[in-house]
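Novice: For reference, the chains in residue letters:
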Amino acid sequence: NLQESESENKLDGETASDSESKSEFGGSAPVPTSDDTPEVLNRALSNLSSRWKNWWVRGILTLAMITFFFIIIYLGPMVLMTIVMCVQIKCFHEIITIGYNVYHSYDLPWFRTLSWYFLLCVNYFFYGETVTDYFFTLVQREEPLRILSKYHRFISFALYLTGFCMFVLSLVKKHYRLQFYMFGWTHVTLLIVVTQSHLIIHNLFEGMIWFIVPISCVICNDIMAYMFGFFFGRTPLIKLSPKKTWEGFIGGFFATVLFGLLLSYVMSGYRCFTCPVEFNNDTNSFTVDCEPSELFQLQEYNIPLVLQSVVGWKTVRMYPFQIHSIALSTFASLIGPFGGFFASGFKRAFKIKDFANTIPGHGGIMDRFDCQYLMATFVNVYIASFIRGPNPSKLIQQFLTLRPDQQLHIFNTLKAHLADKGLLAGLEDA
Amino acid sequence: QEVYLEERLGELDLRSDSDVPYVPPPTDSTPEILKRALSGLSARWKNWWIRGILTLAMISGFFLIIYLGSFMLMLLVLSIQVKCYHEIITIGYRVYHSYDLPWFRSLSWYFLLCVNYFFYGETVADYFATFVQRREQLQFLIRYHRFISFALYLIGFCMFVLSLVKKHYRLQFYMFAWTHVTLLITVTQSHLVIQNLFEGMIWFLVPISSVICNDITAYIFGFFFGRTPLIKLSPKKTWEGFIGGFFSTVVFGFIFSYFLAQHQYFVCPEEYNSETNRFVTECEPSELFQMKKYSLPPLLQAVLGWEAVNMYPFQMHSIALSTFASLIGPFGGFFASGFKRAFKIKDFADTIPGHGGIMDRFDCQYLMATFVHVYITSFIRGPNPSKLLKQLLVLQPEQQLNVYRTLKSHLLEKGILRPSLRG
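Going line by line, the protein sequences match chains A and B.
First residue of the first sequence? That's 90 in my numbering, and the numbers climb one at a time after it.
First residue of the second sequence? That's 4 in my numbering, and the numbers climb one at a time after it.
Same shape as in the complex, but just chain A (with noise of 0.2 Å):
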């Protein structure tokens, strides 16, 4: 996304021929956005000619951000899902004040503490959700958290029903049409936002290398794919991002590729990263430590044939985890950029330069974290379908819960399984 900023400048030709822009928002500017840019900052600069003074801005920001990324990695996953919460929770206000500049509705009655009331709910649905799995001990000691779990669910639709029904109450006859807007706004940008930034702790939970190298990848492959297309860029990749180039695009795959091998490659030595994140009921606080499993040992893999005339080795030791490191690095670079589009496609419709100016240069945090939007739940459905099963400990309390009856049916068939498939041979009747 480092292009986007430059392009909507050179476009200001395109984007006013598409409609007046006058005419969308009565008169009155698009958004404005005022600099943000720190004193201490325009005074270093304040020699240099104004599109290096960019150039310098952003880059300062860019290592601030990436150092600031490595802090809370070392801090811990605690740390981490906070942070998560804060960014989800920034972007939500974001997209909903786009909501209500474009729609002149900052006034309408009660609807920011509708839509504040709203993100709370699903926050406190999916969150509940993730407390009651990962933290179940603690959860069952302590007898109110014990009831809010038992009940979780029933809770969490009272309160969304609750904000509904007061949502319904608060139907004003002049503006039915503007309220029922910002209703769907809300929706959507819950979808959006909360559920991904859910998927993210989970993935997270799995073990802190399932959340870095993702997020990972993807920056990378924005910065990658710039490079390339500065120095090597010829070839017009889409009309709505017109100075995305098919040279950046396949060059910065396969250098994304070769980062995320690399990266997992160092990252796999580690338990900290590789170990999922438990809560320990002793000591009453996260503990990452654990046997590593298969995928983050080293392994002996035979080279093929092609690459062993290239490479003149014949096999190669590698951990599992970097063969799925290639699949994910993949889907960053292919898929993640539709994100960015769809994110570009979304500021030209309302025409807005960025989403907000938090980050000076970067624009907003939703500028930052478009491209990570379908990663999430791209790793999510990875996991759940290819790494892990299900729980076994798991499993046997929800069995533990059963009735006798199917209790006995399900032993049953599982024994019948067990048989069929001879491992019950060497196993002696207690």
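Any given hint could turn out to be false.
If you want the ones that stay clear, here's a sample from chain B, every Cβ over 10 Å from chain A, calculated [to be verified]:
#1 76
#2 86
#3 257
#4 407
Ranges between beta-carbon positions, derived for each pair [said to hold, decoys possible]:
#5 79(B) <-> 164(A): 54 to 62 Å
#6 330(B) <-> 381(A): 31 to 39 Å
#7 219(A) <-> 349(B): 42 to 50 Å
#8 196(A) <-> 237(B): 19 to 27 Å
#9 286(B) <-> 237(A): 30 to 38 Å
#10 163(A) <-> 286(B): 54 to 62 Å
#11 196(A) <-> 154(B): 37 to 45 Å
#12 205(A) <-> 287(B): 28 to 36 Å
#13 401(B) <-> 407(A): 35 to 43 Å
Bear in mind the hints are in silico, worked out from the structure with no lab data behind them.
Predicted model only: the values in this text are computed from it and were never measured.
Glycine is no exception: its CB is placed at the ideal position from the N, C-alpha and C atoms.
Go by the hints and put chain B onto chain A.
Specialist: Okay, now just chain B, sitting in the frame of chain A:
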């Protein structure tokens, strides 16, 4: 002309409701037969008769489908869902004059297909686990179901991005959002209705009948006793109708559950019997559907003169369901009324003569299906055994053995499993 489209759209957003042009009503599709038969009566009575006849027709159709069984009911729910979706999307097209947007009609139907595939795949895998075990091709589809559904959705998403055309961005995004919100409302609700159906037909019949009963009795009470208006959105609704409807619906639900709870056909979950290769609704009725003696609180004892009463526990639950149908269900109706006023339409469509579209009939049912589902998962049933079984069979062999040993020792401890003889 394209420039005017965007400009008009922008103005459309900002004008207050009164300036928005009235969307032309759909054509009158009353069948010719009815028209001729009723040509003698005045317009008002004619309308009443049409509504009455169609009401009876719908109720009879309902009974017929119930008789035909769960599978037909499932198909019915699916068709209603598709029709509701079509109605709402068509309204979107009319409001935005976007009928000619490139690809959009295909994309909407494609997304409907994807989301349905996802939900029905999950349902089928859960409830027909034994049916599915046998067939190899289905096994593959189920194991990677989420991945396949996600890939299908992604294709639709990428097609949408590629279809963005320069002068129509805003329209296309509006229709994209409209499609997704509609999917959220119609497909999730219909899916939950089917899940309730699989718990036992009674969980499908009692809620729907309670909502219909509340509709009718609130109208009747309002007609005879109505005085104080209830809410500005629907000026014809009154407090007398609301309260009268509430009490009648609770009584109706109570009595109706009493009759349904006696028959296995309604009470048992439908299951697939591997030996006979059929779907059967036979089982040992759960505790909910076995008569119990309840002692009446002293207050009611004095009034009624009985000391105890024989009831099904399910009837207590039916009170909760009826209460929800009467108190919160109408909010779904108000929501739909507000929606129709916002977009200046009289009815969602004209599918049913005298009643409007399918959505007009089902607007109060929106929240009911979700409520029943949440109610069942919170208060009635525990986890689903066949889903558990499916997950067990997917584990690694060593994990399966471990689980097997744990379960065995647990069952022996509780005396559910008797120690077998060697040999």
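Novice: Taking the hints in turn, state whether each one holds.
Specialist: Results of checking the hints against the structure:
1. 76: holds, 24 Å
2. 86: holds, 21 Å
3. 257: Since the minimum Cβ distance to chain A is about 22 Å, residue 257(B) lies beyond 10 Å and the statement holds.
4. 407: Given a closest Cβ separation of 6 Å, the condition is violated.
5. 79(B) <-> 164(A): 54 to 62 Å: Holds, since residue 79(B) and residue 164(A) (Cβ atoms, about 55 Å apart) stay within the stated range.
6. 330(B) <-> 381(A): 31 to 39 Å: With a Cβ separation near 55 Å, residue 330(B) and residue 381(A) fall outside 31 to 39 Å, so the hint is violated.
7. 219(A) <-> 349(B): 42 to 50 Å: holds, 45 Å
8. 196(A) <-> 237(B): 19 to 27 Å: holds, 26 Å
9. 286(B) <-> 237(A): 30 to 38 Å: Distance hint for residue 286(B), residue 237(A) holds at roughly 33 Å.
10. 163(A) <-> 286(B): 54 to 62 Å: With Cβ atoms ~57 Å apart, the hint holds.
11. 196(A) <-> 154(B): 37 to 45 Å: holds, 44 Å
12. 205(A) <-> 287(B): 28 to 36 Å: violated, 49 Å
13. 401(B) <-> 407(A): 35 to 43 Å: violated, 25 Å
Checked against the numbered hints above, the structure violates hints 4, 6, 12 and 13; every other hint is satisfied.
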